[in-house]
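Those protein sequences? They're chains A and B, same order as listed.
Per this note's numbering, the first sequence starts with residue 1, numbered consecutively.
Per this note's numbering, the second sequence starts with residue 1, numbered consecutively.
Source of the hints: derived by calculation from the structure; they are not laboratory data.
The C-beta atom is built at its ideal place from N, Cα and C for all residues, glycine as well.
One or more hints might be untrue.
[Stated by the list, open to error] To give a feel for the contact side, a few chain B residues facing chain A, derived at Cβ under 7 Å:
(1) 659
(2) 669
(3) 670
(4) 673
(5) 677
(6) 680
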Amino acid sequence: MNGMVEKLSTLGPEMCLLIGGCICLVTGLDRLGAVRRATVWVAALSLVCAGFLTVDFEAHDHGVFRVGGMAPYIKLIVCGVGLILLMIAAGVPMQLRQTVQAENAKDFEPGDILRGEFFAFFLFSLTGVMLCASADDLVWLFLALELTSLPTYVMVATAREKTMAQESAVKYFFLGAMSAAVFLYGFALIYGATGFTSFDMIRQTAAMQIETHGAITPMLLIGMVLAVIGVCFKIAAVPMHFYAADVYEGASTPVTAFLAFTPKVAGFVALILLLGLVAWFPVDGEFVQLPPVLVALLWIIAVLTMSVGNVLGLLQKSVKRTLAYSSIAHSGYILMGVLVGPGLVGTHGAVGDGIAAVLFYLPAYGLATIASFAVIGCMRRNGEEADSFDDLSGLARRHPWLAWIMMLSVFSLLGIPPFVGFLGKVYLFGSAIQAQYIWLVVIAVVNSAVSAGYYLHILAACFFGDPDKDVQRYPAPGRRLGAGIAAFGCIALGFLGGWIVNATHDANIPGVDKSAAPITLDDSDDQVSATKP
Amino acid sequence: MSELEIAKFIPWVPAVGAALCGLCCTRERFRAWAGPICVASILIAFAMSVGIYSHVVGDGHGGEAGHHIAGPHVVTLYTWMTAGAMTVDMGYFLDSLTMIMLFVVTGIGTLIATYAMGYMKHDPGYPRFFAFVALFIFAMLTLVMADNLILLYLGWEGVGLCSYLLIGYYSKYPVAVVAAKKAFIVNRVGDLGFALGIFLTYYQFGSIDLNVIIPAATQMIEDGYTQTAVLSWIPFLLLIGAVGKSAQIPLYTWLPDAMAGPTPVSALVHAATMVTAGVYMIARLTPVFQLSPYALPTVALVGGVTCLFAATIALNSNDLKGVFAYSTVSQIGYMFLGVGVGSVGGVFHLSTHAFFKALLFLTAGSVMHALAGNLDIRTMGGLRRKMPVTCWLMFCGCLALAGFPFTSGFYSKDLLLGDAMAVGQTWATVAGVLGIITAFVTAFYTFRLWFTVFMGKEKYDIGDAHHTPDNELEKAMIGVAKEEAEHTGHHPHEPHEMPWWPMNVPLLILAVGSLFYGMLVKKITPWIADMLHASTEFAAIHVEHHGADYGGGFDTHQVVEIISGALAVLGVLLAMVLYWLKPGLAGKLTAPIRPVVTLLANKYYVDELYDLLFVKPLRVIAYLSYAIDQFIIHGLVLAFGWVPRLVGMTVRPAQSGKLQGYGIGMACGLALVAFIVFWATA
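So that you can see chain A by itself, here it is in the shape it has in the complex (with noise of 0.2 Å):
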């Protein structure tokens, strides 16, 4: 019961965004107007509270503020990155045609305003994510993986009034009660060869197999496996990336841009915190890498994913399909990441440090997507969502600003200097060359090659194309804010990249010892500093 309370205590900010959520529920339903249109307010304002709430301020040392180990600086990101995601998401409920006709109706009808659900769904489904972060059990990872995916569901369904988006709701849905099934029967058995659900236990447990068989028991490692594979789905990394273009390409673009941030994070995280169970932590004195089985798994999926992503975003005549091919092909130069883990090297700094190359990677890769992702949102074809690289034909000469935040975005999702993803591949691949995986960074190098080809397609019919009158941008200040905040952040990131790279670099995974890795890379074992301007 204490351990309860104590656990509570630590969880502010996932309390923060529950009660906003319940707000928004309430806000969203109420017969006055202005009240309603309060809501996204509410959604904003509980963000940046759950943001201050992460925040340690008590914890700084010398002005320098520690943001601690990866559960706040998950948290951290979530809030930030939540905040531009709903500054983009703001107009989507009045681009309902059932929403805007209960408005305007004479007797009032709430149940026909969808506002409410969306901004209640989209905080749940952050709080899914910031849950997932702070998991130390494998239930409470199951269930917050499922709070972040099941708000989802919804959003894609009910955000846009088109067959195609119910049609990959139902899709996503039933695709991922599918690798939910996967995951949990994972879970189900790495309970079952260990005993326990609790983190710390299954750590224990594995050590002792460790050092009593010199490798964990076969039954654990498969239950690694498949839930390595069930995971892969919030990541759309192959296998189970299959729904992924379908599924953004008929969700409403301001949620695809959510889809291809806040799921991928909760994967990430549910990833890193499962591979810690088998490996990164000392035993006899020696640092435990991850069975060789799980490093050939990750490597290969990495491969298939980065390779399929770019090969079949060649093919695209959908830009937000071209994207979401994109994500899943980041999703693979990430996950080079995941398998060198933590600390191999001992150079200060995050090179060589596979988890803070993640970590870093995360936002960045999420700050240029969602950029991207907005800008399409913008405009509109005869008042049908814009999806063609066609309707993006002249986008420089028309909305010259719209054109360069997209510009940003790819340049930055492509990795040229100095923007921030750049600065990430740099770490990432640099990460893998000194773990050894040479072969690993020349594949992941000759995918960002054949990336190029369709980010410049996209560059392409930005600045050569020839404008089409039927394409108009749509009214959506909050959008644009949002996209032109992402894609400075792109570039503001890459110079002052230095205090993301520390936080990452010092973003202790809980219950993985880092000072036991062959070359220690931080003394200290809980708080680390963040420089922080």
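Position chain B relative to chain A; hints supplied.
Coordinates of chain B only, in the frame set by chain A:
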């Protein structure tokens, strides 16, 4: 926060200025604000430099007792990037040398930008111009304040970029574009060397921070070291960078062409500041250069040869800006000579040169402006009556350039020449003698120009009505010049004086500087002298120059001063006779040496030589490469484009859009993985 802390914001003030000027481009009604914003941002940077002066240089009561110079200060804005053990800070290195460069860049920069407000007034790209100028100042300040080589390189590339943008400012004219491209490409050659030099420096010293490298190099020299290949390569690679940026032999050819930019740019970028970056870099890294016994002599000889070489080309140039362009190359040669012999005169000359060369270019701009873009001095004469202020302002500049006794140029040039002669080694003496000969040539060509343009019978051409341009370049240059002149909005029928504000007042300040700054330093107040002296103290193991005693209380310095001062006066007098008093005489005198004159007029055929040696063979290689590219590489690239697509086509059917298909796909994938895992563990 100590007051030194404001130093880290100095470069960022012009950066903000550049951003604001950029915003001014977007709206018609903000256009006129760009100039004042740009000037104000540079002026604020200047004021901040003055503010930190006493904190950097010490209390200034050094006097004879020794230089009260506090050690170099480093202030860090933030950590720019971390890669492994290497950390690159946005850090700024502050010592006397930095302060001198700060004063030169921001002080002269403010004056030139003020002048440009008047000069560019009617140009359609007015805000764009000032955005580039402010950006240039940002890059230049980053260059001179950088506390590590990577940041220095950032500034180095930044000024190169701005220079490219500003040379190509009149992008309507192909010549401006070609000149911009030439400048950029020639600088690339230099930058390649510089970059390799930086890599090797990191390799050798394990750091790129100036306050690690320089003390380490100093320590090595004191303790003795074994000469290694790396140590001898580093200075020469760095030198290639300096030679490219500062337009020395053999990479000087871009600078004369760079005059295709607007004249204030020629004054700011291609005379006063950017081109001296090479000198700054050598002065800054002198201990590193001393690690190779041949490096500094090479610097000095390159400088000596360049200064005479470029001066002789200037002798026979008939292009108003061309003469000053070659004289810039020549004067930077002096600076190289100065830093090469370890004299403070190099940096001193850098600062005096900034005054008088900026003045000369700007007055040349005024003349050009008045004559609707005519640049050919053969068509000018007696302009002193039409533009008296410009005439006498340029006179001040010419005196300083000629090294006429007791002007700024005289003191700085003779300090470095005296030091060169006092070293007592053959290479230094050779370089010094070249410099002394150049003093005469310089005085002659400078006043040849001045007497031709302003004295004698009054004549002028508006535009290029009667003059047939000698070559394509000149033709297009004149087009560019006309473009500049047309900004006034009217076609003048006769030359007119420039307005006092904003154009002539800055020139007046520059003129006062050209005449008296040197005297101020040498004879009146010690504080600049201290700063100058200290500027090389940290960088170099100072070479003490006593020189031989020539009896009668004369030492080497005084003898050199007297000789070169006399040569300067002689040069001026000769020019007066040949180009004012007896105008026909010059032609008769040069008749017997016709071939030499032709050689000079064609600038020693160096452009042609480079064309033959590099451009033509490269063209041939290019054609060959094109063929290879077409038939082999192109196929490969196509494969690169097609293979992924083909692979994509083969996996595409999996993306059928059917839920069942996807479910089966996922299940099969899982099954495959499970199978492999079983197979692997079994």
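Taking the hints in turn, this is what the structure says about them:
Against a cut-off of 7 Å between C-beta atoms, the interface hint on residue 659 (chain B) holds, since the closest Cβ of chain A lies about 5 Å away. Because the smallest distance between the Cβ of residue 669 (chain B) and any Cβ of chain A comes to about 2 Å, under 7 Å, the interface hint for this residue holds. At about 6 Å, the closest approach between the beta carbon of residue 670 (chain B) and any beta carbon in chain A falls short of 7 Å, and the interface hint on this residue holds. Here the hint on residue 673 (chain B) is kept, as its CB sits about 6 Å from the closest CB of chain A, short of 7 Å.
A cut of 7 Å between beta carbons decides the hint on residue 677 (chain B): the least distance to chain A is about 5 Å, and the hint holds. The beta carbon of residue 680 (chain B) comes within 5 Å of a beta carbon in chain A, closer than 7 Å, and the hint placing it at the interface holds.
In this structure, every one of the numbered hints holds.
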